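Residues per chain, in single letters:
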Amino acid sequence: MKRLSLDILLGSLLVFGFTALVLLIAGAPVLASFKNIWLGAFASTSKISQVLSVWVPLMLCSCGLIYTFRANLWNIGIEGQVTMGAIGAMAALRIPGIEHPALILTLAFFASFLGGGLWGLLAGGLKTRGGVHEIFGGLGLNFVAQGFILWLIFGPWKRPGIASMSGTELLPRDLWLSTFPGWRVATAGVIIAVAVLILTWLFLEKSRMGIKLKAIGQNPKAALLYATSPERYYLQSIIIAGGCAGLAGFLQVTAVYHRLIPSISSGYGYLALLLVMLSGYRIILIPFLALFFASLNVGAIQLPIVLQLDSALSGVIQGCCVLSALLILGLRQKRKQS
Amino acid sequence: MDVKFQNISKNFGSVKALTDVTLTAHSGTIHGLIGENGAGKSTLMKILTGYQSKSGGKILIDGSEIQLNDPRQASKHGIGMLYQEPMDFTPLTVLENFSLGSPYQGRRELRFSLETLTIRFGFHLDPDRLVEQLTVGERQQIELLRLIHCKTRILILDEPTTGISPAQKEALFPALQQLAADGMNILLVSHKLEEVASLCSEVTVLRHGRITHHAHAPFHFPELLTAMFGSVPEQKNKTHCRTQGSSILLFENVEATGERQGLQHCVVAVNEGEVIGLAGLDGAGQSTLLRLAAGLAIPNKGNVQLFGNTLPKSNSASQQAQKLDVSFLPADRLEEALFADMSLSDHFSLRGRQSSFWRSIKKAQTLAKNGIREFSIKGNPEDTAQDLSGGNQQRLLLALLNPHSRLVLLENPTRGLDIRSGQWVWHYLLNTLSPKTAILFSSPELDEILHYSDRIIVFHDGEIVMDKAVNETSHNAVATAMTGMKEAIQ
Amino acid sequence: MLGDLSFPVLIASVLAASAPLIIIALGETLAEKSGVINLSLDGVVLFSAMAAFVVAKETGSLTLGFLAGGFAGMLTGVLVGYFSIYLHLSQVAVGFALALLCRDLAYFLGNPYSRVQGPTLLESKPPLHDILPSSLQTIMTQPLTVWFALLLVFLLYYFFTFSKAGLCLRSVGENPAASFARGLNPSKIQMWAVLVGAFLVGIGGAAYSLSLKPGWGRPQGAEGIGWIALALVIFGGWHPMRVALGAMLFAFLQVSGIGLQDLFPGVPAQVFQTAPFPLMIFTLIFMHYSTRKSRKQGYNENSFQRFIGKLFMSRAPKAIGKSYKQE
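From first to last, the protein sequence lines are chains A, B and C. Residue 102 in the working numbering sits at position 102 of the first sequence, and the numbers go up by one each step. Residue 70 in the working numbering sits at position 70 of the second sequence, and the numbers go up by one each step. Residue 114 in the working numbering sits at position 114 of the third sequence, and the numbers go up by one each step.
These are computed hints drawn from the structure, not numbers from a lab. Keep in mind that a hint or two might mislead.
[Unchecked claim] 25 Å max Cα-Cα, derived DSS-like pairs, lysine-lysine: (1) A/Lys221 with B/Lys323; (2) C/Lys318 with A/Lys336; (3) C/Lys188 with A/Lys221; (4) B/Lys58 with B/Lys16.
[Stated by the list, open to error] Partial chain A-side listing against chain B, Cβ under 7 Å, derived: (5) Ser207; (6) Asn219; (7) Pro220.
For clarity, every value in this text was computed on a predicted model and none was experimentally measured. Glycine included, each C-beta is placed from N, C-alpha and C at the ideal position.
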């Protein structure tokens with residue numbers, strides 16, 4: 001316990017030190033920058049609700065990634081899975097002739113899960129059948145998804161008259177997920193994120209599938225002796241991961257942007273990869289770290305206006321957190337050995 | 001240059017691999033170092049090459065002590081080793097392999113040196129071929145030539161004839177004799193008595209990390225065998241009351257790859273209730289046979305039949321075998337059968353064919369607690385598998401064993417166990433499992449095989465050379481067959 | 001040809017567009033041949049592009065700019081090397097985190113220099129320019145980075161195939177334990193390979209911001225290039241020539257996209273800009289797939305087949321991605 005708190009202290013010092021150094025190099029006021037991020041994230045309920053609306057997709061992607069990391073898969077294709085989920089949702093929302101908004105939204109919900117899941121299955125299939133490492137299959141599929149969404153936005157689904165990078169036409173109001181008055185985060189989104197978190201915890205900690213995934217991740221060879229086929233579970237985990245990412249895409253469409261835009265995934269998939277690495281693959285830590293990451297993201301938005309700094313500072317801090325954690329882990333392991 | 005090992009010892013954790021080994025090898029001779037698997041021969045030699053560090057003792061060359069911290073220092077002293085598993089680079093060419101680690105030379109001179117050496121020793125090597133296209137014997141030839149080219153004065157050969165053809169052997173032996181005649185100091189590590197006898201002028205026998213025998217040519221074989229494998233135990237009256245019934249496992253002229261030589265022309269039938277010991281030197285084919293029966297390896301030719309069903313030639317073979325109540329316990333428990341970071345109760349919830357979606361942690365804990373008590377495992381349900389000692393890992397695997405197993409396959413079941421744990425394992429296997437269960441096991445300890453099996457199958461270089469009931473054979477006959485000799489020694 | 005592109009112009013633009021990518025991919029090839037995967041490329045390219053532009057702008061010296069790019073790359077190489085070779089951490093995890101960190105660091109630090117005019121490496125006329133036929137004149141009027149990239153291909157090929165040091169480096173990537181047994185120091189060799197490789201990646205990044213897509217901004221235009229370079233190395237079979245050919249193919253796709261754009265005015269430009277990425281990756285995966293069988297089968301004895309085999313079939317260094325621990 002003492003060692004853990006020492007590690008956390010050391011890690012925070014590293015992160016603060018490095019960030020301060022970066023800020024000094026950029027000639028920015030160090031304390032004012034940190035203060036601005038804090039205010040940008042928590043100054044008002046509207047800001048807090050904005051943090052939550054980033055928290056939701058981060059949670060969904062992270063929960064999905066926990067499955068693949070358990071099986072020791074590097075699901076870098078999660079970005080594409082978010083995008084395909086968004087496309088799936090949009091496709092369902094565009095079905096003509098369905099009057100009832102709740103019905104069509106439900107349909108979109110499942111379509112997004114399917115879209116993301118199938119995209120995951122493709123990467124998984126490339127791995128188990130084709131021997132293409134999931135990192136390269138996933139990357140390729142990310143680019144394909146990106147090309148696909150651009151084609152849709154500029155082609156078949158373009159805004160009447162002008163096609164542009166700003167995306168498709170806005171959805172009709174009744175297809176927007178509702179929010180509490182004064183809040184900017186969809187209630188349904190938060191509920192979905194919490195539900196997925198609980199389900200993930202239940203699946204991974206309480207079900208036989210969870211323990212089998214863990215076994216395969218640790219030692220696929222030994223898993224064979226327990227009548228467990230690694231290939232089957234690789235595919236299962238990556239479908240679920242893709243599905244969760246797809247749900248994030250669904251919420252990006254129906255709750256955040258209310259249309260399809262080229263960067264609908266907002267890089268949350270990659271960010272979730274960092275987040276899950278930082279959590280040490282522990283589900284319990286994910287909601288808190290997701291909150292931390294989300295508040296950095298939202299807090300940094302006003303940096304360009306107030307201090308003429310680039311908002312990428314949040315990414316610097318996030319990446320630095322992961323590297324510091326890795327450094328401490330590596331040093332500790334090295335010390336244990338000698 | 002004479003080498004003297006003085007009181008060398010080596011510990012791996014708490015395991016003593018070498019204890020107080022003292023021996024001298026003289027230049028101009030071939031000194032044989034023999035012993036069964038795990039006797040410590042390779043470890044001793046790796047210490048001499050600086051590849052492994054020693055825990056105690058001194059190494060003297062021509063009377064003066066030398067420091068050996070890494071292979072570079074050893075090669076400066078003219079020490080070179082031909083490893084048992086060729087330490088080379090298969091995707092590179094012969095010439096490239098030859099040049100790595102050699103003193104710097106232009107390409108042309110290197111090629112010339114290689115060609116001269118090949119001719120001198122009567123080998124046939126194409127400098128531009130990739131090493132992966134060569135046989136193990138040819139790969140050894142390259143290494144040998146490279147070591148000679150590097151001006152090696154003390155040459156260590158670790159099992160140089162495992163995996164090479166008789167013709168290559170015939171090329172190798174005169175070359176070695178010629179080198180010794182030129183004044184080189186050669187240390188030959190081997191299991192094979194015939195080779196040692198024909199090449200060496202002096203022999204040292206290691207057993208369990210200690211020197212048990214030292215002799216000059218001509219050698220008295222029974223003495224060497226005793227020093228290697230321990231004293232010939234008295235045959236106890238077997239009290240097995242196991243039934244022997246119908247045939248359950250059938251190998252129909254199976255050919256497979258695996259280990260050093262794979263497995264060829266394998267025809268075996270196993271009956272209900274039999275206990276069969278698979279004897280042979282390390283990697284002679286025993287493990288391949290066990291893995292084929294467990295569905296973990298797929299035959300290239302022929303079929304494996306379990307209880308009348310032919311195993312499919314796909315990844316699902318192992319699941320099929322487990323459905324037929326076949327269990328396999330590999331020798332490398334932590335690498336192949338357990339999950340290092342998972343708790344004992346997690347292992348219990350992985351076991352079995354329950355189809356429920358949820359797993360009950362309480363139930364797994366109860367199972368784990370019962371298992372710990374029944375199998376006297378020293379550990380708690382929350383401990384991870386890697387926290388357990390080797391003996392307790394084996395007990396855990398037995399506790400996880402399907403109690404309705406009809407065929408149990410064990411690879412070296414007492415590996416790393418002390419005598420009492422070993423006896424306990426065998427007591428469990430023979431008395432707690434149903435007498436109808438067939439047991440197939442491999443072991444490097446000949447005594448264990450002779451003591452527990454009803455029938456012995458002996459492997460040599462991927463082929464079965466003997467298949468007899470235990471009371472029709474003898475300690476010496478099996479030991480002889482293992483070392484590849486044709487006739488028993490009287 | 002394509003749109004109104006004439007053949008010599010097409011070749012010239014493909015060469016120009018491929019040069020930075022060739023340098024980057026070859027840097028990665030060097031590291032991977034020694035057994036270390038440096039997954040941080042995508043961020044490092046941007047980071048070094050930013051560093052190069054800022055230094056060139058401040059000092060007014062292109063040479064210093066390129067050097068700054070190289071050293072910025074090397075700095076990340078130190079991290080990758082230390083984390084994966086000496087601390088034995090997962091190379092993928094370290095590389096990925098570093099890729100995102102470097103990208104954001106580049107955007108953050110480069111912000112004041114966004115959309116600012118700066119020095120640019122211009123095309124220079126080759127010697128004997130005036131006596132060449134006009135088509136060759138077009139092709140050979142290139143910035144120095146193009147010549148550097150082409151030279152590097154041959155240098156690296158020579159280094160791997162004929163030099164002693166290259167052989168030692170390859171041997172570590174294949175079997176570090178055996179290299180150690182032969183008196184080499186695998187960790188040191190890997191570290192050098194990673195550092196020099198990262199330096200080259202940095203030079204490649206600098207070639208973007210100082211020559212191919214001059215200037216700095218968000219986005220810069222080199223986004224995604226790192227991932228393409230990684231894929232090129234792997235599917236190019238770790239062979240400098242084939243990696244370079246792959247880079248040229250990618251540049252061709254990019255250039256022809258610009259040409260095709262004029263032919264299909266209805267299709268938006270963004271599609272043509274993005275299309276080369278998935279196309280490239282899937283061409284590579286497809287090639288990998290279709291040669292898989294022949295790579296698995298035995299080896300051909302006839303010298304011509306052997307030559308072809310060397311050209312098209314190769315495989316990963318055996319110890320790639322595994323960190324070596326001495327016994």
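Verification of the supplied hints:
no., hint, result
1, A/Lys221 with B/Lys323, "18 Å, holds"
2, C/Lys318 with A/Lys336, "29 Å, violated"
3, C/Lys188 with A/Lys221, "33 Å, violated"
4, B/Lys58 with B/Lys16, "17 Å, holds"
5, Ser207, "5 Å, holds"
6, Asn219, "5 Å, holds"
7, Pro220, "10 Å, violated"
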